Amino acid sequence: MRLRNQSTREGLTGYLFILPQMLIFLIFLVYPIIEGIRLSLYQINYQNEKFVGLANYTTLFNDPVFFKALTNTVVFVVFIVILTVGFALFVASAVFDKNAKYVSFIRGTYYVPVMVSMVVMSMVWSFLLNPANGLISYFSQEMGLGTVNLLGKTQTVLPVIIFVTFATNVGQAIILYIAAMIGVPKDLFEAAEVDGASRWQVIRKILIPSVKSSTIYITIINIIAVLKIFVVIQLLTGGGPNNASVTLMYYLYNNAFKYNQLGVASAVGVIMFLITLLLSVPQLRSLIKEK
Amino acid sequence: MSHKTNNKKKMERFDVLSNAVVFIFAICSLFPLYWLFTSSLKNSSDVVKMPPDWWPRTITFDNYVDIFKSQPALRWAFNSLFVSGVSTILVIVVGAMAAYAFSKLKFKGRNLIFVIFISSLMIPKEIMIVPLFRITQEFGMVNSYNGMIWPNVATAFGVFLLKGFFDATPNALREASRIDGAGEWRTFLQIMLPIVKPGIGALFILNFVQVWNDYLWQLVIGQEKSMKTLMVGTATLMQDLNPNFAYKMAGATVAAIPMLLIFLLFQRYFTQGMTAGAVKE
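Chain order of the listed sequences is A and B. Each residue of the first sequence is one higher than the one before, starting from 1 at the first, in full-length UniProt numbering. Each residue of the second sequence is one higher than the one before, starting from 1 at the first, in full-length UniProt numbering.
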């Protein structure tokens, strides 16, 4: 009897300990999701709400700008994630077994742009890319190509955004990979070296497979980070030229806070929510399996 | 034997070559920041000069004086500091309590609730920005520190990171404290919290930086000029009528320096914290 009492008491204490987190979580995360789904079915004019069923979604699917935003976002996710994972693997596998000072120098150097934030890096790049007096334009003039306006052309704007985002954020993946690779047991490499394997073979056959779970983790956090790509678009292109670089998050923001189309913006949010949910299933499965 | 040495040589060449590439790219990735910093020290005509001065010919701090005179940059810096600091302390308090419960206390639905918390980590709060904005509006929290802070506390990041640290503490310690007659709350505060200090340090740094660099939510919620964070305020310089690039670069430098300092001082915690958050092999 006493024992049972004690365990119910512990149960109650448990709930009390998670209560503050739970409350904030319900108010500022769960409720907005439910409310977002509801709003996506309404037409909203300030205080007036009118139920319109799926009309907001129909509006979206008839808007070419929405499709542009969707395809751009997918293009960004695919290219930026592949570049990030590939380059971070390359850097980490080259340095992980070198001396600690050098490793920390490389790690720090690549991580500095992450630290100073996308806002600051976007501002620098907008200066570097400025057609009239940026360094990039200067180099192209020196090479006899005349001034270039990479952000003003529909063919070049996407690659430039991809490069800037990749170059700013790759440091995080590098830190994670280096840590994972340092953790791989040394005897695995030694055995391969005795067998006469080259470094390239060791990296490809032993190192990369050993950090597979880091690869999954890095891929997913980067997909989700790129999915909500916004700052670089707002500060470098404003979605232009002619909507060529508009993304889902930028489209959502404009609908909500410029055109006052809250219902449509909510519908975009719901679609993005479903995409993230789908993408996070493999990561969740591995987390739950681990338990 | 000769075959082996041969192989060893080839291996080293590949290794040296890739490290050279890594090193060169590392230096290149610092260049934009070098350019940012040196441009901020030039005057308005030198900064756009072609061919450019690779190092400012005359160094001027006028742009910095301008920033602090024409913009409430100090106020923005305070806002960022306050919002990031308070959000992070709240994340630590509610996160440590919940993580302790998930790790050490038994209650019905514990695993299910934990999984729900963790799944929420994958959902960026930005996609729910419309309903979130309307809710904070209902609470009268637009243009207020409350509105800038609370949505940042809804993250399960603290729970996720600290649970691993609590899991690693020996159960015997907690039981001993309980046998000594200490209540759950005192055990948590006096015995368990001090042990997970390294986790709290890592969480503090990582979360602080995350909130400091947060952009979209702060852009939406802090609409008055005096309620902007340093990031949002600095970004408005891009649309500023002042065409001087050196002035904009000075603003960006002001926004960059605090985080650079934090990183140089606490580099160790970053690696620790980030890897604690990553999936274990």
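Heads up, a few of these hints could be off.
Taking CB as the label site, the calculated pair distances span [stated by the list, open to error]:
| id | chain 1 | residue 1 | chain 2 | residue 2 | range |
| --- | --- | --- | --- | --- | --- |
| 1 | A | Ile-37 | B | Met-50 | 27 to 33 angstroms |
| 2 | A | Thr-156 | B | Gln-239 | 21 to 27 angstroms |
| 3 | A | Asn-149 | B | Phe-68 | 31 to 37 angstroms |
| 4 | A | Pro-185 | B | Tyr-34 | 35 to 41 angstroms |
| 5 | B | Ser-44 | A | Ile-206 | 22 to 28 angstroms |
| 6 | A | Phe-51 | B | Cys-28 | 50 to 56 angstroms |
| 7 | B | Asp-240 | A | Pro-185 | 31 to 37 angstroms |
| 8 | B | Phe-68 | A | Lys-258 | 28 to 34 angstroms |
| 9 | B | Ser-44 | A | Pro-159 | 49 to 55 angstroms |
| 10 | A | Gly-183 | B | Thr-58 | 48 to 54 angstroms |
| 11 | B | Gln-239 | A | Lys-205 | 26 to 32 angstroms |
| 12 | B | Leu-241 | A | Leu-284 | 44 to 50 angstroms |
| 13 | B | Gly-109 | A | Val-74 | 34 to 40 angstroms |
Everything labelled a hint here was simulated from the structure, so no lab data went into it. No experiment lies behind these values; they were computed from the predicted model shown. The beta carbon of each residue, even a glycine, is placed where N, CA and C say it ideally should be.
Violated hints - listed by number, lowest first: 1, 5, 7, 9 and 11
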